[in-house]
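Colleague: With the hints as extra help, turn the sequences into a complete structure.
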Amino acid sequence: MAILEMKNLVVSVEGNTILHGINLTVKGGETHAIMGPNGTGKSTLAQIVMGHPKYKIESGEILLDGEVMNEMPVDERSRRGVFLGMQNPVEVPGVTNFDFVKTAVTARLPKDKHLRIGKFILEFEDSAKELKMGSGLSHRFLNQGFSGGEKKRNEILQMKLLKPSIALLDEIDSGLDVDALRIVGENVTALKSPNLGMILITHYQRLLDYIVPDYVHIMIKGQIVKTGGKELIAKIDSDGYDWLKAELGIDDFDEGPKQYSLGTCATNPTTR
Amino acid sequence: MNNPTYLEQSLHPVFLDRPLESNHHFSSKDKNGALIITFPKNSKEKISLVITSDVQFNQLELVFPKDSYLSINLLYHFRKNASRDIKILLHQGSNIKITETYLTSRNVKTNLNRILEIDQNAHLLLSSGLFMDGEHTFKDELLLKGENASIDFDTLTISHHQDRFSTIQDIRHQAKNTVSNVHNLMVSNNHSTIEFYVNGYIAKGMSGSNCKQQNRGVILSETGIIRVDPKLFIDEYDVEAGHGAAIGQINEDEMFYLLSRGLSESEAKRLILQGYTEPFVLSLDEGALKKTINQRIARKVKGE
Numbered sequence: 001m002a003i004l005e006m007k008n009l010v011v012s013v014e015g016n017t018i019l020h021g022i023n024l025t026v027k028g029g030e031t032h033a034i035m036g037p038n039g040t041g042k043s044t045l046a047q048i049v050m051g052h053p054k055y056k057i058e059s060g061e062i063l064l065d066g067e068v069m070n071e072m073p074v075d076e077r078s079r080r081g082v083f084l085g086m087q088n089p090v091e092v093p094g095v096t097n098f099d100f101v102k103t104a105v106t107a108r109l110p111k112d113k114h115l116r117i118g119k120f121i122l123e124f125e126d127s128a129k130e131l132k133m134g135s136g137l138s139h140r141f142l143n144q145g146f147s148g149g150e151k152k153r154n155e156i157l158q159m160k161l162l163k164p165s166i167a168l169l170d171e172i173d174s175g176l177d178v179d180a181l182r183i184v185g186e187n188v189t190a191l192k193s194p195n196l197g198m199i200l201i202t203h204y205q206r207l208l209d210y211i212v213p214d215y216v217h218i219m220i221k222g223q224i225v226k227t228g229g230k231e232l233i234a235k236i237d238s239d240g241y242d243w244l245k246a247e248l249g250i251d252d253f254d255e256g257p258k259q260y261s262l263g264t265c266a267t268n269p270t271t272r
Numbered sequence: 273m274n275n276p277t278y279l280e281q282s283l284h285p286v287f288l289d290r291p292l293e294s295n296h297h298f299s300s301k302d303k304n305g306a307l308i309i310t311f312p313k314n315s316k317e318k319i320s321l322v323i324t325s326d327v328q329f330n331q332l333e334l335v336f337p338k339d340s341y342l343s344i345n346l347l348y349h350f351r352k353n354a355s356r357d358i359k360i361l362l363h364q365g366s367n368i369k370i371t372e373t374y375l376t377s378r379n380v381k382t383n384l385n386r387i388l389e390i391d392q393n394a395h396l397l398l399s400s401g402l403f404m405d406g407e408h409t410f411k412d413e414l415l416l417k418g419e420n421a422s423i424d425f426d427t428l429t430i431s432h433h434q435d436r437f438s439t440i441q442d443i444r445h446q447a448k449n450t451v452s453n454v455h456n457l458m459v460s461n462n463h464s465t466i467e468f469y470v471n472g473y474i475a476k477g478m479s480g481s482n483c484k485q486q487n488r489g490v491i492l493s494e495t496g497i498i499r500v501d502p503k504l505f506i507d508e509y510d511v512e513a514g515h516g517a518a519i520g521q522i523n524e525d526e527m528f529y530l531l532s533r534g535l536s537e538s539e540a541k542r543l544i545l546q547g548y549t550e551p552f553v554l555s556l557d558e559g560a561l562k563k564t565i566n567q568r569i570a571r572k573v574k575g576e
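Chains A and B are the protein sequences, given in the same order.
Straight run, no breaks: the first sequence in the numbering used here ends on number 272.
Straight run, no breaks: the second sequence in the numbering used here ends on number 576.
Honestly, the hints are just simulated from the structure, not real lab data.
Do not take every clue at face value.
Covered by chain B, per the in silico footprint, the following chain A stretches (three or more residues, Cβ under 8 Å) [said to hold, decoys possible]: (1) 52-64; (2) 89-98; (3) 104-116.
Each residue gets a CB set at the ideal place from its N, CA and C atoms; glycine is no exception.
Modeller: Right, here's the structure in full:
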């Protein structure tokens, strides 16, 4: 049974601190929902657990099964069982969906084992069917030309085939219509087991109607400010977050104006 | 001089550095040092021509007759410095697919001047893969001479070490309702340089024409260079035209996505670059040449 722990985790991006001391433990078999207003650091939390190089851990620790993984490379985290279902999965032209997933599954096999390709093809097709993904999916380029809903279902397809022990699903419900939401919800629920600990990041109750969490955490301004059971979901859905901000004395306007950079073109300096 | 095995084994190729045999599918003649090859209207077999640095002529002319429908492989293989003029003529109504591959067996300098003339209602689908070592200059003149003439021109250039590729593409719309789609893909590794100067011209009166240029480049090293200068010279109102260039190092988010699925950095890079190389590789027939091209691509991408 896997255990993911975050201890006093402080994270920044481009000099701005986003997470201000997160403490959270997720064990195999548990489903945690993280809710919160926009821009509060929920996606940052998911990305830093996966090891996105854009984010910097200022202090604190992320542990997987007791081992600190602050410096662990992204691919190793994945092979150790961490999965991130992304809010905006990138498109990779020229790489077929099947080749990609096959390469990813092969990457986590022990060196002396080979992928049984026939068995894998059947598993791929069955999983795609369960997610009601159209035929020809395997030959399409990774996420290229996929609708928002198809991209999200493709994330769950990968999760089913990669069989993680810790999964973070970042707004997996956005862009899904009612039927697609149900399909995704049912498929994720079917994956629940003592071997899988899950973190669901969402804004809405509707996803949590299908994937019932054991714990609900409310995140505001980079901190988990309240933890409870599923009763919290209905309260948030009906009343929003203002009551909680008032209860905890959180002021929306206590930060000065921030300066943002629009970034620069990703060109090699020598090409300019 | 012996050619590499992969050339000999590529779909019964015709070597233009050897005497042509009577059973070849086309007619040829020498004219003032130029070799002119006229193809049949169609052929059940794919025709492969090999042009090496040992060929005796300086100018090659490939002629596709009226209403011809053919798929051709052109293999250029240079083991020494060479300069060649090549002219490709598509007569009225012809529909031709050419896949051309450029290889060298060592660092050499080449200079290729090409003129592609496309007549009325003719279409050329031209895919070029440039996998040579050394310094190479291409000057392409694409002439859309007849109404409804069209060309789809895709190139893939991969460079490493000290390679230098410089390509000028002039696309001239000289008739009404002509269409050009140029798509250049570039991968630069180590200290190599790739330059593309892409110029689209639509002359006055050539209404209904459509001129598109897309250029994408990825730089794999700190010192690799890709320069693209796409230009449009439009002298007519009733046309469609567009151009663009996107050059950068491998996208951080793409890398993160692939790494987050457990792929190693080298495997992730390989898959991302497959997006650049696969369209050309897929256009090749299965066989020794395709295997060689895949090996060349892997070698250049690894910087070996």
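Colleague: It remains to establish, for every hint, whether it holds in the given structure.
Modeller: Now the hints, each set against the structure:
For the segment 52-64 of chain A, the proposed coverage by chain B is satisfied: 3 residues have a C-beta within less than 8 Å of a C-beta in that chain, meeting the threshold of three. Chain B is given as covering the segment 89-98 of chain A, and this holds because 6 residues of the stretch bring a CB closer than 8 Å to a CB of that chain, at least three being needed. Counting residues of the segment 104-116 of chain A whose beta carbon lies closer than 8 Å to any beta carbon of chain B gives 3, which reaches the threshold of three, so the coverage claim holds.
When held up to the earlier numbered hints, the structure conflicts with none and fits them all.
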